[in-house]
Amino acid sequence: MYGSYQQHSTQNTKNAGDISKGDYIIIKDRPCQVTEVSTYRAYRRRYPICHFVGTDIFNGRKLEEILPSYYPCDVPQLSFDDYKLDDVTSDDRVILLAKDGTTRNDLGLPTDATLRKKILDGYDNPRGLTVTVASANGEANIIAVKEDGGR
0 MYGSYQQHST QNTKNAGDIS KGDYIIIKDR PCQVTEVSTY RAYRRRYPIC HFVGTDIFNG
60 RKLEEILPSY YPCDVPQLSF DDYKLDDVTS DDRVILLAKD GTTRNDLGLP TDATLRKKIL
120 DGYDNPRGLT VTVASANGEA NIIAVKEDGG R
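Heads up: the sequence shown is residues 0 to 150, going by numbering that gives the first Met the number 0.
Rather than coming from a laboratory, the hints here were simulated on the basis of the structure. Be a bit skeptical, because a hint or two may be false.
Said to hold, decoys possible - As a list, the in silico DMTMM-like pairs of lysine to aspartate or glutamate whose alpha-carbon atoms are at most 20 Å apart:
#	residue 1	residue 2
1	145	86
2	116	86
3	13	28
4	145	120
5	98	86
6	61	138
7	117	85
8	116	146
9	27	55
10	145	123
11	61	86
12	13	63
Just need the whole structure built from these sequences, with the hints factored in.
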């Protein structure tokens with residue numbers, strides 16, 4: 000069949016022709032934000048074909064998918080949560096503090112060098128940091144960092 004489409008019961012679906020730039024879809028079993036969409040009619044095809052280019056929200060890799068416009072695409076169940084950085088352990092794990100006072104210690108430092116440097120520099124200096132954690136498909140990762148006023 001087309002692409003790597005697999006129906007997941009915990010996800011919503013959307014027809015390929017209804018997806019636009021900035022939407023989130025599953026490409027090759029990875030949650031991606033669509034960065035480019037092009038639609039064309041292939042020779043002797045009844046329906047338009049959609050070409051998607053997306054960026055994996057966890058590792059930043061570029062992925063592509065080509066599907067007929069009527070084909071259902073999986074839309075991931077995403078959540079974005081903000082946490083205060085509480086600690087960085089010696090084994091590169093981060094301890095995060097939620098607004099309700101609970102802690103989260105299941106995440107490591109991001110692999111992205113820029114985010115990693117911001118977290119380590121912000122933790123070493125006496126200013127507070129807020130990190131944004133994206134969660135989808137049972138996977139979570141720090142995707143953004145911003146400075147607070149202080150600790």
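Taking the hints in turn, this is what the structure says about them:
| no. | hint | in the structure |
| --- | --- | --- |
| 1 | 145 with 86 | holds, 16 Å |
| 2 | 116 with 86 | holds, 15 Å |
| 3 | 13 with 28 | holds, 15 Å |
| 4 | 145 with 120 | holds, 12 Å |
| 5 | 98 with 86 | holds, 16 Å |
| 6 | 61 with 138 | holds, 18 Å |
| 7 | 117 with 85 | holds, 14 Å |
| 8 | 116 with 146 | holds, 13 Å |
| 9 | 27 with 55 | holds, 10 Å |
| 10 | 145 with 123 | holds, 15 Å |
| 11 | 61 with 86 | violated, 32 Å |
| 12 | 13 with 63 | holds, 17 Å |
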